[in-house]
Amino acid sequence: MDDYDKTCLESALVGVCNIVQQEWGGAIPCQVVLVTDGCLGIGRGSLRHSLATHSQRGESNRFPLPFPFPSKLYIMCMANLEELQSTDSLDCLERLIDLNNGEGQIFTIDGPLCLKNVQSMFGKLIDLAYTPFHAVLKCGHLTADVQVFPRPEPFVVDEEIDPIPKVINTDLEIVGFIDIADISSPPVLSRHLVLPIALNKEGDEVGTGITDDNEDENSANQIAGKIPNFCVLLHGSLKVEGMVAIVQLGPEWHGMLYSQADSKKKSNLMMSLFEPGPEPLPWLGKMAQLGPISDAKENPYGEDDNKSPFPLQPKNKRSYAQNVTVWIKPSGLQTDVQKILRNARKLPEKTQTFYKELNRLRKAALAFGFLDLLKGVADMLERECTLLPDTAHPDAAFQLTHAAQQLKLASTGTSEYAGYEHNITPLHTDFSGSSTERM
Amino acid sequence: MKIFSESHKTVFVVDHCPYMAESCRQHVEFDMLVKNRTQGIIPLAPISKSLWTCSVESSMEYCRIMYDIFPFKKLVNFIVSDSGAHVLNSWTQEDQNLQELMAALAAVGPPNPRADPECCSILHGLVAAVETLCKITEYQHEARTLLMENAERVGNRGRIICITNAKSDSHVRMLEDCVQETIHEHNKLAANSDHLMQIQKCELVLIHTYAVGEDSLVSDRPKKELSPVLTSEVHSVRAGRHLATKLNILVQQHFDLASTTITNIPMKEEQHANTSANYDVELLHHKDAHVDFLKSGDTHIGGSSREGSFKETITLKWCTPRTNNIGRSVLLEQPRKSGSKVISHMLSSHGGEIFLHVLSSSRSILEDPPSISEGCGGRVTDYRITDFGEFMRENRLTPFLDPRYKIDGSLEIPLERAKDQLEKHTRYWPMIISQTTIFNMQAVVPLASVIVKESLTEEDVLNCQKTIYNLVDMERKNDPLPISTVGTRGKGPKRDEQYRIMWNELETLVRAHINNSEKHQRVLECLMACRSKPPEEEERKKRGRKREDKEDKSEKAVKDYEQEKSWQDSERLKGILERGKEELAEAEIIKDSPDSPEPPNKKPLVEMDETPPIEKSKGPVSLLSLWSNRINTANSRKHQEFAGRLNSVNNRAELYQHLKEENGMETTENGKASRQ
Numbered sequence: 001m002d003d004y005d006k007t008c009l010e011s012a013l014v015g016v017c018n019i020v021q022q023e024w025g026g027a028i029p030c031q032v033v034l035v036t037d038g039c040l041g042i043g044r045g046s047l048r049h050s051l052a053t054h055s056q057r058g059e060s061n062r063f064p065l066p067f068p069f070p071s072k073l074y075i076m077c078m079a080n081l082e083e084l085q086s087t088d089s090l091d092c093l094e095r096l097i098d099l100n101n102g103e104g105q106i107f108t109i110d111g112p113l114c115l116k117n118v119q120s121m122f123g124k125l126i127d128l129a130y131t132p133f134h135a136v137l138k139c140g141h142l143t144a145d146v147q148v149f150p151r152p153e154p155f156v157v158d159e160e161i162d163p164i165p166k167v168i169n170t171d172l173e174i175v176g177f178i179d180i181a182d183i184s185s186p187p188v189l190s191r192h193l194v195l196p197i198a199l200n201k202e203g204d205e206v207g208t209g210i211t212d213d214n215e216d217e218n219s220a221n222q223i224a225g226k227i228p229n230f231c232v233l234l235h236g237s238l239k240v241e242g243m244v245a246i247v248q249l250g251p252e253w254h255g256m257l258y259s260q261a262d263s264k265k266k267s268n269l270m271m272s273l274f275e276p277g278p279e280p281l282p283w284l285g286k287m288a289q290l291g292p293i294s295d296a297k298e299n300p301y302g303e304d305d306n307k308s309p310f311p312l313q314p315k316n317k318r319s320y321a322q323n324v325t326v327w328i329k330p331s332g333l334q335t336d337v338q339k340i341l342r343n344a345r346k347l348p349e350k351t352q353t354f355y356k357e358l359n360r361l362r363k364a365a366l367a368f369g370f371l372d373l374l375k376g377v378a379d380m381l382e383r384e385c386t387l388l389p390d391t392a393h394p395d396a397a398f399q400l401t402h403a404a405q406q407l408k409l410a411s412t413g414t415s416e417y418a419g420y421e422h423n424i425t426p427l428h429t430d431f432s433g434s435s436t437e438r439m
Numbered sequence: 001m002k003i004f005s006e007s008h009k010t011v012f013v014v015d016h017c018p019y020m021a022e023s024c025r026q027h028v029e030f031d032m033l034v035k036n037r038t039q040g041i042i043p044l045a046p047i048s049k050s051l052w053t054c055s056v057e058s059s060m061e062y063c064r065i066m067y068d069i070f071p072f073k074k075l076v077n078f079i080v081s082d083s084g085a086h087v088l089n090s091w092t093q094e095d096q097n098l099q100e101l102m103a104a105l106a107a108v109g110p111p112n113p114r115a116d117p118e119c120c121s122i123l124h125g126l127v128a129a130v131e132t133l134c135k136i137t138e139y140q141h142e143a144r145t146l147l148m149e150n151a152e153r154v155g156n157r158g159r160i161i162c163i164t165n166a167k168s169d170s171h172v173r174m175l176e177d178c179v180q181e182t183i184h185e186h187n188k189l190a191a192n193s194d195h196l197m198q199i200q201k202c203e204l205v206l207i208h209t210y211a212v213g214e215d216s217l218v219s220d221r222p223k224k225e226l227s228p229v230l231t232s233e234v235h236s237v238r239a240g241r242h243l244a245t246k247l248n249i250l251v252q253q254h255f256d257l258a259s260t261t262i263t264n265i266p267m268k269e270e271q272h273a274n275t276s277a278n279y280d281v282e283l284l285h286h287k288d289a290h291v292d293f294l295k296s297g298d299t300h301i302g303g304s305s306r307e308g309s310f311k312e313t314i315t316l317k318w319c320t321p322r323t324n325n326i327g328r329s330v331l332l333e334q335p336r337k338s339g340s341k342v343i344s345h346m347l348s349s350h351g352g353e354i355f356l357h358v359l360s361s362s363r364s365i366l367e368d369p370p371s372i373s374e375g376c377g378g379r380v381t382d383y384r385i386t387d388f389g390e391f392m393r394e395n396r397l398t399p400f401l402d403p404r405y406k407i408d409g410s411l412e413i414p415l416e417r418a419k420d421q422l423e424k425h426t427r428y429w430p431m432i433i434s435q436t437t438i439f440n441m442q443a444v445v446p447l448a449s450v451i452v453k454e455s456l457t458e459e460d461v462l463n464c465q466k467t468i469y470n471l472v473d474m475e476r477k478n479d480p481l482p483i484s485t486v487g488t489r490g491k492g493p494k495r496d497e498q499y500r501i502m503w504n505e506l507e508t509l510v511r512a513h514i515n516n517s518e519k520h521q522r523v524l525e526c527l528m529a530c531r532s533k534p535p536e537e538e539e540r541k542k543r544g545r546k547r548e549d550k551e552d553k554s555e556k557a558v559k560d561y562e563q564e565k566s567w568q569d570s571e572r573l574k575g576i577l578e579r580g581k582e583e584l585a586e587a588e589i590i591k592d593s594p595d596s597p598e599p600p601n602k603k604p605l606v607e608m609d610e611t612p613p614i615e616k617s618k619g620p621v622s623l624l625s626l627w628s629n630r631i632n633t634a635n636s637r638k639h640q641e642f643a644g645r646l647n648s649v650n651n652r653a654e655l656y657q658h659l660k661e662e663n664g665m666e667t668t669e670n671g672k673a674s675r676q
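Protein chains in written order, with UniProt numbering: chain A, 1 to 439; chain B, 1 to 676.
For reference, chain A alone in the conformation it holds in the complex (with noise of 0.2 Å):
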């Protein structure tokens, strides 16, 4: 970012904006810390100006807030309240706050203007964006302190019905593991990196193990890296396995535990949240109904892990996992057509694909109510029966009789012949024993 000589707070608000959005794109959550003199500027470019201008704004000149990403603005004050307080200044910077969605605050020196205390409002800014988030990590019996790094966002499931955010345990509590191949890649919200930490009794963080050159043998550091910890067995055995671990983080809210690899030397345990509900992924079921393998009567892995319980099936199944029949572009329809046409002129061989065909178009028909094409595709079949080779078989000639006649039928619309749970059964002939056909 170039730097200019005159204050004008929106310019460095564009450029915050471009930057992070090219770096880090819309979805990664981000905390601008704007710092000032609490002076706004002066004329065209100050933050009156902007402000006054705000609600005249077109796409080309867009205000910078709120910001495209998920965002927290902190403006620190070089100043104290009374000072900011004796012209509108704290007024607009609060406008900020609130054109960002009320996400942010403002901060400001207690006291006189001096290296303490502005030490001191940093502090606090250290104290509410910057503690790491510690948890524990258990699985049974076994148990790690962990940090979570970033920061797990609280996250507001339905604004209306539940409008309280949730944020996720301290206590990280695995419940199962499930095969990578199974669990596929699912939509997250965030990832995580989960680092062991080492604690002293106090519950304060000595270290996180990691040493730094200059450190001695037997600092807290090198000990603690000696210390059999669980995270680095759980890590070991989800990367030689090919699992993952899922982990509960709250009422009805689930996430992943796994192995990610940065390099072929550096990898890391991971942690994923799933969206809070009773049910992240579709093709797990509901988390609740996940349960032990020994409870099964038999090993849904098989004795030689050689099958797996998932993916679940839907219930219903989607439209384009079925033959659904849509005629809305003239195409969809011809094709169902020229499908009975190719099978009619194989009959008797395809007598059963040529009633399927038939009976799913005379369905389709009947609940669009468009039965002329009922009576269009009678007339047709009686026409390939008249243009039938010589050398036909002559149930083909019966069939094709037969579907017309019942075709014919079904578009009097009465409720005799056009019911939609009947179906046009083949013709039963003489010749027809011999030409069953394996569907």
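Rather than coming from a laboratory, the hints here were simulated on the basis of the structure. Given the structure is predicted, the values throughout are model-derived calculations rather than measurements. Don't take every hint at face value.
Per the computed footprint, the stretches of chain B lying under chain A, defined by three or more beta-carbons under 8 Å from a beta-carbon of chain A, are [stated by the list, open to error]:
id : stretch
1  : 66 to 72
2  : 150 to 161
3  : 414 to 424
In the PhoX-like style, the derived pairs of lysine-lysine whose C-alpha atoms are separated by at most 20 Å in a straight line are [unchecked claim]:
id : chain 1 : residue 1 : chain 2 : residue 2
4  : B       : K287      : B       : K73
5  : B       : K73       : B       : K201
6  : B       : K135      : B       : K188
7  : B       : K419      : A       : K286
8  : B       : K406      : B       : K453
9  : A       : K138      : B       : K424
10 : B       : K466      : B       : K494
11 : A       : K315      : A       : K286
12 : A       : K286      : B       : K73
13 : B       : K466      : B       : K477
14 : B       : K135      : B       : K201
15 : A       : K239      : A       : K266
16 : A       : K317      : B       : K73
17 : B       : K2        : A       : K166
18 : B       : K73       : B       : K135
19 : B       : K453      : B       : K419
20 : A       : K297      : B       : K419
21 : B       : K519      : B       : K424
22 : B       : K406      : B       : K419
23 : B       : K419      : A       : K138
24 : A       : K315      : B       : K73
25 : B       : K317      : B       : K337
26 : B       : K406      : A       : K297
27 : A       : K297      : B       : K453
28 : B       : K466      : B       : K453
29 : A       : K375      : A       : K339
30 : A       : K408      : A       : K375
31 : A       : K265      : A       : K239
32 : A       : K239      : A       : K138
33 : A       : K356      : A       : K346
The beta carbon of each residue, even a glycine, is placed where N, CA and C say it ideally should be.
Based on these hints, arrange chain B on the given structure of chain A.
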């Protein structure tokens, strides 16, 4: 989208009056002549759909899209209107699928062109639509029940999509007024009802449709607020494909959908296997999948004005995976203005459902994280990785779709069972190889793998006992044990010390599970009877020196589940008691062989610790007290101790204690209680 937004409830009201039987005057060629066919055949005359067919087809397509993307919680109620209203389905989830609707529509059939137009009206349907919007859905009911006192937070909004042929703008106005009036009336009714809900917001979408080539008698009008409860918009649309396109646009607006066209999909069929033939498919999905494009403005929008109206779709290219290791997934590539390409999405299929995933294509905030080997526990090299892998496989999850019940009749939650199992399986689980002996011994596996179970079979008990005998045998033969020598100087502990460590650890494991069942207890008894104890002098020597780290650890684990056993001071007494125990255990074993029948009315064995310690700290013990102690112990194991004696003070038990607490109890009850 809120769960109970307008999109939770959609009512279709389709006109079934005689004029809807008229042709849309758009021909469909259905008799396409195939090449190489006999010349001289005149194709059959094209047919055309009726206004009714066009309306039904388009609304079914709307529902198909909605159901595919939102299989739950987005509901449709279909109403057909002529001389009355025909409600074809309900809000219940079972009624929410195309098959149900198609069957119901087939039963209604096309409108009768010869019916009396004076008797028919779309108004019947609109009134029924308002009525049905007041009806509570199972989801609303569930949410209200769950929220209890906050039940009013559950909204009741809905949308009415009415497809009709209106006569004029004033006719449209009349329809709107009617809806407005009906809402007003029904909200009054709903206010006094428990199973009806007042309509808070209703979006009326009036679609006037007419045959191609006719002049529209109704003008379009954007959404307008008619009252705080009702908004209305009017669309004047030609029938046929125009109507279908309109409903396709509406379903996208109503459910926040967007369109992506996937190009370059290779033909899969065999006849195209060696050609470069490919095709395109348009997908509809939630518009969030385009959020990055919309924000960055770097969109690649393909417009198609063929359908008469401009339609936005984003084009992504199919990237055929080189390797098949990602299974049923395909990556999609987004061409950028700059000419560069980026993988932006992924299509994957799970159980016949297709999902479109947005992939992050920007910089990760977790750049260059420290490796796990650099952190806490990272320097430890002998984790039991393979064993924990086995543990994970045993603790894999599987769906239990049918409800299961506990013994007390309450619903059993499978996930809670999974947690219980993890708790049991980890009661004693050393993380590193050098911290354990038993888990490094193949001979222990038969016991270790079953002892963690909630309940044991007779066969399991037998296997555990066999395992223990096998270990006794090993000890007798002086077989070496896989004791870690890490951290110890010299050759490590002597053989008998090794066995002591091993037995202690095994005891820790078994003890952690004795409360699971009486059979677990029997395994411990067998173990205690069989395990070797060091001779007196060894024991004294041992207590003189510092205990091994390992042993400390395992003993600490025992404390978690059971109070630490106080060591008896008298070693001799202890030795004799042990022998007594051994005899008993043997008797037990014979009795428990799978061939012999269960002893009738078996009572749980009472733990040794419960026998009063006699003259514990008075130095040498007399032969009499040794003898009576042994007899008492043996006897006490054969019956459950009388409750009064157990709770007695100086062998005196206070009778009828409960009378103090429960005054006024009937004497017969007391009599019963005391007889127990």
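Verification of the supplied hints:
1. Look at the stretch 66 to 72 of chain B against chain A: 3 of its residues bring a Cβ nearer than 8 Å to a Cβ of that chain, three or more, so the hint holds.
2. Proximity of the stretch 150 to 161 of chain B to chain A, defined as three or more residues with a beta carbon under 8 Å from a beta carbon of that chain, is established by the 3 residues found.
3. Look at the stretch 414 to 424 of chain B against chain A: 9 of its residues bring a Cβ nearer than 8 Å to a Cβ of that chain, three or more, so the hint holds.
4. At most 20 Å may separate the alpha-carbon atoms for a hinted pair to count; K287 (chain B) and K73 (chain B) meet this at roughly 18 Å.
5. Pair hint K73 (chain B) plus K201 (chain B) holds up; C-alpha atoms about 18 Å apart against a cutoff of 20 Å.
6. Distance restraint check for K135 (chain B) and K188 (chain B): the Cα-Cα separation of roughly 13 Å lies within the 20 Å cut-off, and the hinted pair is therefore satisfied.
7. Between K419 (chain B) and K286 (chain A) the CA atoms are separated by roughly 16 Å; this keeps the pair inside 20 Å, and the hint holds.
8. A C-alpha spacing of about 17 Å is found between K406 (chain B) and K453 (chain B), which places the hinted pair at or below 20 Å, so the restraint holds.
9. As the CA atoms of K138 (chain A) and K424 (chain B) are separated by approximately 13 Å, the hinted pair is consistent with the 20 Å bound.
10. Between K466 (chain B) and K494 (chain B) the alpha-carbon distance is near 25 Å, which puts this suggested pair outside the 20 Å criterion.
11. The straight-line distance between the Cα atoms of K315 (chain A) and K286 (chain A) is roughly 13 Å, inside the 20 Å bound, and the hint therefore holds.
12. Of the pairs offered as hints, the one joining K286 (chain A) and K73 (chain B) holds, with about 16 Å between alpha carbons and a cut-off of 20 Å not exceeded.
13. Proximity of K466 (chain B) to K477 (chain B) is assessed by CA-CA distance (about 16 Å); at most 20 Å being required, the pair is judged to hold.
14. Restraint check for K135 (chain B) and K201 (chain B): the C-alpha separation of about 14 Å stays at or below 20 Å, so the hint holds.
15. A threshold of 20 Å between alpha carbons decides the hint, and for K239 (chain A) with K266 (chain A) the separation of about 12 Å falls inside it, so the pair holds.
16. The hinted pair formed by K317 (chain A) and K73 (chain B) meets the criterion: a straight-line CA distance of about 16 Å does not exceed 20 Å.
17. Distance hint between K2 (chain B) and K166 (chain A) is fulfilled; the C-alpha atoms sit about 16 Å from each other, no more than 20 Å.
18. With a C-alpha separation of about 15 Å, the suggested pairing of K73 (chain B) with K135 (chain B) holds against the 20 Å cut-off.
19. Between K453 (chain B) and K419 (chain B), the direct Cα distance comes to roughly 13 Å. Compliance with the 20 Å bound is thereby established for this hinted pair.
20. For the hint pairing K297 (chain A) with K419 (chain B), the CA-to-CA distance comes to about 19 Å; that is within 20 Å, so the pair holds.
21. About 16 Å separates the Cα atoms of K519 (chain B) and K424 (chain B), which keeps this hinted pair within 20 Å; it holds.
22. Of the supplied pair hints, the one linking K406 (chain B) and K419 (chain B) holds, its CA atoms being roughly 16 Å apart against a limit of 20 Å.
23. Annotation: proposed proximity of K419 (chain B) to K138 (chain A) holds, straight-line Cα distance about 10 Å (limit 20 Å).
24. For the proposed pair K315 (chain A) and K73 (chain B), the alpha carbon gap of about 14 Å is at most 20 Å, so the pair holds.
25. Of the supplied pair hints, the one linking K317 (chain B) and K337 (chain B) holds, its CA atoms being roughly 14 Å apart against a limit of 20 Å.
26. For the proposed pair K406 (chain B) and K297 (chain A), the alpha carbon gap of about 17 Å is at most 20 Å, so the pair holds.
27. About 15 Å separates the Cα atoms of K297 (chain A) and K453 (chain B), which keeps this hinted pair within 20 Å; it holds.
28. With a CA separation close to 18 Å, the supplied pair K466 (chain B) and K453 (chain B) stays within the 20 Å bound.
29. With a C-alpha separation of about 17 Å, the suggested pairing of K375 (chain A) with K339 (chain A) holds against the 20 Å cut-off.
30. For a cut-off of 20 Å, the pair hint linking K408 (chain A) to K375 (chain A) stands: about 6 Å separates their Cα positions.
31. At most 20 Å may separate the alpha-carbon atoms for a hinted pair to count; K265 (chain A) and K239 (chain A) meet this at roughly 13 Å.
32. Under the criterion of a C-alpha separation no larger than 20 Å, the hint pairing K239 (chain A) with K138 (chain A) is consistent with the structure, at around 18 Å.
33. Simply put, K356 (chain A) and K346 (chain A) have alpha-carbon atoms about 14 Å apart, close enough for the 20 Å limit, and the pair holds.
The structure shown violates just one earlier hint, number 10.
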